[in-house]
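A.B. asks: Spelled out from the first residue to the last, the chains are:
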Amino acid sequence: MKQTLHSATLDNGITILGEHLPDLESVAVAFVVAAGGVHDPARRCGLATLSGEMCLRGAGGRSSRRIVEDLESAGAQWAHGVSGTHSSYTGAMVARQLPVVLPIYADILRRPLLPAGELTAARQMVLQNLAALEDDPAHRALAALQRIHCPAPWGMPTEGLTADVEAIAIGDVRAFVATHQQPRGMIVSIAGRIDWDDVVARIDALLGDWSPGPDVPVVDGPRGPATCHVPHDSQQTHIALGWSVPPYRDDASHEATAALSILGGGASSRLFTEVRERRGLCYTVSAGYQTRRHFATAACYAGTSAERAQETLDVMLAEIDRLPGSLTEEELDRVKARVKSGLVMQQESSAARAAAIARQWYHLGRMQTLAEELERYDRLSVPALEAWLAANPPSDLSVVSLGREPLEVPRALPA
Amino acid sequence: MPFQHERLDNGLDVIAETSDCAVSASVGFFVLTGARDESDDLWGASHFLEHMVFKGTAEISGDDINRRFDAMGATVNAFTSEEDTVYYASVLPERQDEAVELLARMMRPALRTEDFETEKLVILEEIRMYDDQPPFGADDRCRAAFFGRHPLARSVLGSVDSIRGLPVDAMRDYHRRRYAPGTMVLAASGAVDFPALVAAARRLCDDWEPVPTPERIVPAAPRAAVRPGIDRIVRPAAALGYAVSMVAGPGEHDPDRHAARLLAILLGDSSGSRLYWDLVDTGEAEQAACIHEDFLDAGLFVTQLSCDPDDVAALTARIADIYAAAPGDITPEEFERARNKLASRVVLGGERPRRRLFEVGLDWAHTRIHRSVADTLHIVESLSLDDVRRVLAAWPLDAPAATVIAGPAA
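Just so you know, the protein sequences line up as chains D and A, in that order. Numbered per my numbering, the first sequence spans residues 1 to 415. Numbered per my numbering, the second sequence spans residues 1 to 410.
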């Protein structure tokens, strides 16, 4: 598996990452700035999301409409998203369109007009999204889990809180963009059919003379209560469970993610087998890994009819308890096979690779080759996993239920 | 991307679109069976059967199937629609034989009573899950209002009562009749070894009995909503209002379906479309989209709206105005942009073997035609504004629609 990875750093601190994928016709680019939801000031939850939306509403010499029309005329499949840590402007296109598309992103990043006249519409858009998420019970259960399990402000909902979004003024947006949408911590990642030297020259010409502002650290606050019930008038009850695991940058994250995968990562996982296949308790049950740079959460989810929710929770907790001491070679081999396929198949998507190398740079400060990542998983053994689990059993468990009735958490949760 | 085709003696077609650039192989069985092939007492059987196929054969348990696919590192899944049931796996090329073998064996499931009863509970949970989610069943109810007594009116999941009442023997009989080699295609895309694929098919599928399959029921599909007007679903806890509307459009055999797809992008894509600028960009609607769906003998333009529950009526009227104005004022520039978007989707989608598997497999299952990415791109690039205008004239978007509104109040 031969890979061609590149990186360069501009004088103002912007990191440019590249992966050459010569078999593809496409190029994908991601402009990732450290302007995510954790930077929302107190009582302004949702400011990062609203600011990102405002940046698309006119930039440089382009109106809101022109930005979209210029991107789409070039056949660019574009998107904008805000996570807890970052605001990302992304696009995938046929390779020859890259020179047309890059200057549009440079305008959005450096020269957003942030017109006061657009604030009402942009705010409404954010509020509409909040209302839509209210109608998504699975999302609400997992968001409530983040809220109680993560230290503030990391568990706050990036999409915002209605009252806070309603209070945001244009001055808040302008201050946020000026402070956070800046070269410090910014990553430009690009993958596909690229000419690396040409990419660096173009991005340098567009962003190289942009002066960085000061770094803005985030201070961790307290965590929420261990359990929480969200009343909701629905047929199904939604269950979300979480506990702390090592972050991606920690070498032990491989042991943790492999154990999690055995618990709830595929159709042959413990949770899928015991909760769905054996008992028919639900349609959806899974376990996932959500990492920040300095901490990570294992999160399990299931949705089931109210009258069978207690049994579902009990079986999930029993499977979590049963995990240490019971792992098998076959289970670990399946994890390795799944990891290998997933990594290799990423090579077929320029967008997936652009996102992956940006993520690695943020978490590790470097890019990893696929071979290196595979090799780390191949080295995992059952004894090593068991030793890690014995030293780090799932503890600090948080439990959320969303539905008509609260559930009984049947045993004292480890503190 | 070379295309290859072989037919077994029992009628099973084996096809592949191979690519030297791909690093994975996707393989799948495409079964010409879906909700439209069910009778009242079999409502939901196609989808339920799709679940049961994963519960194992006489020799292989359901747990074994899950374990074997995970051990291959396969991305495996299945879906059921009104017209098709599709089982697929994406694997690294060295796992092709294993994946094909397991999928092929699964096509002859044991359909054990005990598994049937457990899986029934899972299906009932799936029905409840969708019932709790936007648009709260408005899409199925709207399709039923549009198609009336036509078989396409039937929802894929079935109802709580139809699933509870389905006997296992009826499913066994349904499987025997519908999973016949003449109504199935084994398709592959990506880094595929075609001779190995054919050899595997001969070894594993040659003894499948060529049962005469009953002709698909194709009564004349309605060219207009059978029950136009507004129906309502009340969900007191809903935060938004949701509206789904359907009018007729070109079907799968109509050459104008490409222009219809382009028209839907121009009017109602998720960004840069007329509905987007008029309703979403302004913050009045959470979503306002127009989608073209096609079936064997029918097509639909589906409009989806979500917004403040109090605004549903007013915004529905605004959408009607936008549709009514469309025949007179589409500009060459916006036509060009929509065509570029469509072309870009064809090219970028063509890079993913799994996406190609669905296109190649469904095209072949329905029409026995293979269209390469280049062929489709050529069709898209040949489209003109006149094609779009012709679609608008033949299939007026402001025709009387079947509409279902779901939200907190009636």
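Treat the hints as calculated values from the structure; they're not laboratory data. Check each hint, because a few of them may be wrong.
[As the list claims (entries may be wrong)] Just the calculated beta-carbon pair ranges, DEER-fashion:
| no. | chain 1 | residue 1 | chain 2 | residue 2 | range |
| --- | --- | --- | --- | --- | --- |
| 1 | A | 40 | D | 408 | 57 to 63 Å |
| 2 | D | 369 | A | 214 | 51 to 57 Å |
| 3 | D | 252 | A | 214 | 41 to 47 Å |
| 4 | A | 255 | D | 66 | 33 to 39 Å |
| 5 | D | 376 | A | 177 | 49 to 55 Å |
| 6 | D | 217 | A | 379 | 43 to 49 Å |
[Said to hold, decoys possible] Facing chain A, from chain D, some residues (calculated, C-beta under 8 Å):
| no. | residue |
| --- | --- |
| 7 | 72 |
| 8 | 129 |
| 9 | 139 |
| 10 | 321 |
[Said to hold, decoys possible] Which stretches of chain A does chain D cover? Using the computed rule of at least three CB atoms under 8 Å from a CB of chain D, they are:
| no. | stretch |
| --- | --- |
| 11 | 69-76 |
| 12 | 86-93 |
Here the structure is a predicted model, which is why all the values come from computation and not from measurement. Heads up, the beta-carbon is just placed ideally off N, CA and C, and yes, glycines get one too.
A.B. asks: Look at each hint and say if it fits the structure.
C.D. replies: A quick look at each hint next to the structure:
{"no.": "1", "hint": "A:40 to D:408: 57 to 63 Å", "verdict": "42 Å, violated"}
{"no.": "2", "hint": "D:369 to A:214: 51 to 57 Å", "verdict": "55 Å, holds"}
{"no.": "3", "hint": "D:252 to A:214: 41 to 47 Å", "verdict": "59 Å, violated"}
{"no.": "4", "hint": "A:255 to D:66: 33 to 39 Å", "verdict": "34 Å, holds"}
{"no.": "5", "hint": "D:376 to A:177: 49 to 55 Å", "verdict": "51 Å, holds"}
{"no.": "6", "hint": "D:217 to A:379: 43 to 49 Å", "verdict": "55 Å, violated"}
{"no.": "7", "hint": "72", "verdict": "5 Å, holds"}
{"no.": "8", "hint": "129", "verdict": "6 Å, holds"}
{"no.": "9", "hint": "139", "verdict": "10 Å, violated"}
{"no.": "10", "hint": "321", "verdict": "21 Å, violated"}
{"no.": "11", "hint": "69-76", "verdict": "holds (count 8)"}
{"no.": "12", "hint": "86-93", "verdict": "holds (count 3)"}
This entry does not satisfy hints 1, 3, 6, 9 and 10, going by the numbered hints stated previously.
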